[in-house]
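Residue numbers (our numbering), protein chains in the order written: chain A, 1 to 218; chain B, 1001 to 1196.
Any given hint could be a false lead.
As the list claims (entries may be wrong) - What the simulated footprint calls covered on chain B by chain A, stretch by stretch (three residues with Cβ under 8 Å from a Cβ of chain A suffice, anywhere in the stretch; the number is not a length):
(1) 1059-1070
(2) 1175-1184
What the hints assert, rightly or not - Derived EDC-like pairs: lysine to aspartate or glutamate, alpha-carbon spacing no greater than 16 Å straight-line:
(3) A:Lys97 <-> A:Glu80
(4) A:Lys149 <-> A:Asp121
(5) A:Lys36 <-> B:Asp1071
(6) A:Lys176 <-> A:Glu63
(7) A:Lys33 <-> B:Glu1080
(8) A:Lys97 <-> A:Asp126
(9) A:Lys36 <-> B:Glu1080
(10) A:Lys144 <-> A:Glu63
(11) A:Lys138 <-> A:Glu63
Worth flagging that the hints you see were computed from the coordinates, not collected in a lab. Here the structure is a predicted model, which is why all the values come from computation and not from measurement. For each residue, glycine too, the CB sits at the ideal point set by N, CA and C.
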Amino acid sequence: MVKKRIAKILSFRYVMMAAILVVLAGGLVLLPKYEKSEGIPAEQLLSNIISLERYVSTDQISEKIISQDPSFILIDVRNEKSYNTYTLPNAINIPLKNLLDEKFEAYLNQDQFDILFFSDDNFYADQAWAICNRLEYKNLHVLKGGINKWFTTIINPQKPLENSAAKEFELYTTRKAASMFYGVVYPDQAKIKSVAKKTPRKIITVKKKKKMPTEGGC
Amino acid sequence: MELLINSGIISSNWDSIIAICIGIAFGFVLESSGFSSSRKMAGVFYGYDFAVLKVFFTAAVVAVIGIYYLDYLGYVNVGELYIHPTYIWGAIIGGAIMGIGFVAGGFCPGTSLCGVAIGKLDAWVYVLGILIGIFIFSELYTFIEPIYTGYYLGNVTLIDSFDWNPYWTIFIFSVIAIVAFVVADFVRKKIKKVFY
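Produce the complete structure using the sequences and hints provided.
Next up, the structure:
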């Protein structure tokens, strides 16, 4: 009796399987759709934000520029006017408002070079960093303190007080040497230069004798 | 499986071993469901056995429904799955040749190897034919190359290229599959039974 009933149910097995298939497929159509969040998930973004690799100090980048390290791209996210006035050596100008332009994508979306954003401080550079993070670009960094910090540390380093630690003096001499690399001239050097100035030589023009054209001859 | 490999739970050194295991399992299932018989395979063209049609259609529908449910629940991202690139004319011509081979020989490449494994003579001949075909293809490669590597459309799907709604596509596809099964069964009952 039980067997008969099971057999009766099983005779409909293909119909049942077909029904399950249709219900499942229909379920996909009827399920409420939700907008999937694009870009990186929040946890990943947070871990990028607190990552120690996010910020690069001015000393680090100055050393890289001096040693002609080819592994990074400097990107100036300020406007074109500021870029033309002053920027870091070999920096590329990608104003923040043009960050998503197609012509700049090749610079940003690659994993060959480290990308270093900088602006006057790190405010706009951080925004560019966040946007590129959302686009899942790789190797993004921000110059801590931006151009302002660059000026106060590298270009115009503060002389440490006399009672400062030796380390600070070392840092100062390094920064001073770096600033000279970027073209800053210190008064003590300037003096040396003036001492070494040579008196201009008097130029005496010597007229060459004109060779007499050979004439005739035997 | 790919999830396990990508997340580093299984190192990539195991790839070949995993591949062999999956291959053996696949061959076993093919053979035990009778797919190593060329008569069963060819039955779909003569209308006395629609197992091939049913198996492939069911596999496709079940897989696509499963993947889209996993995508909906956030376990798999459909956009990140590998899509085989389309070389349109290569696919059409190759498909036609493959189809002719299928009708004539009663095997597809996978099932022919299955048949070889259980010692079917027609499968041996079929695999020999495949090898000859590969040889001819290699010799004529410079001549065929423009078609083989040309007409490239990229990694496209029907859903992308026609801008269809994937969920409706899947639903309609499932309905078509079921209708095909019913029609196939109807045809099979009409056709004279073949013993094999």
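Results of checking the hints against the structure:
{"no.": "1", "hint": "1059-1070", "verdict": "holds (count 5)"}
{"no.": "2", "hint": "1175-1184", "verdict": "holds (count 4)"}
{"no.": "3", "hint": "A:Lys97 <-> A:Glu80", "verdict": "11 Å, holds"}
{"no.": "4", "hint": "A:Lys149 <-> A:Asp121", "verdict": "7 Å, holds"}
{"no.": "5", "hint": "A:Lys36 <-> B:Asp1071", "verdict": "10 Å, holds"}
{"no.": "6", "hint": "A:Lys176 <-> A:Glu63", "verdict": "12 Å, holds"}
{"no.": "7", "hint": "A:Lys33 <-> B:Glu1080", "verdict": "19 Å, violated"}
{"no.": "8", "hint": "A:Lys97 <-> A:Asp126", "verdict": "14 Å, holds"}
{"no.": "9", "hint": "A:Lys36 <-> B:Glu1080", "verdict": "14 Å, holds"}
{"no.": "10", "hint": "A:Lys144 <-> A:Glu63", "verdict": "15 Å, holds"}
{"no.": "11", "hint": "A:Lys138 <-> A:Glu63", "verdict": "23 Å, violated"}
The structure does not agree with the numbered hints 7 and 11 stated previously, though it agrees with the rest.
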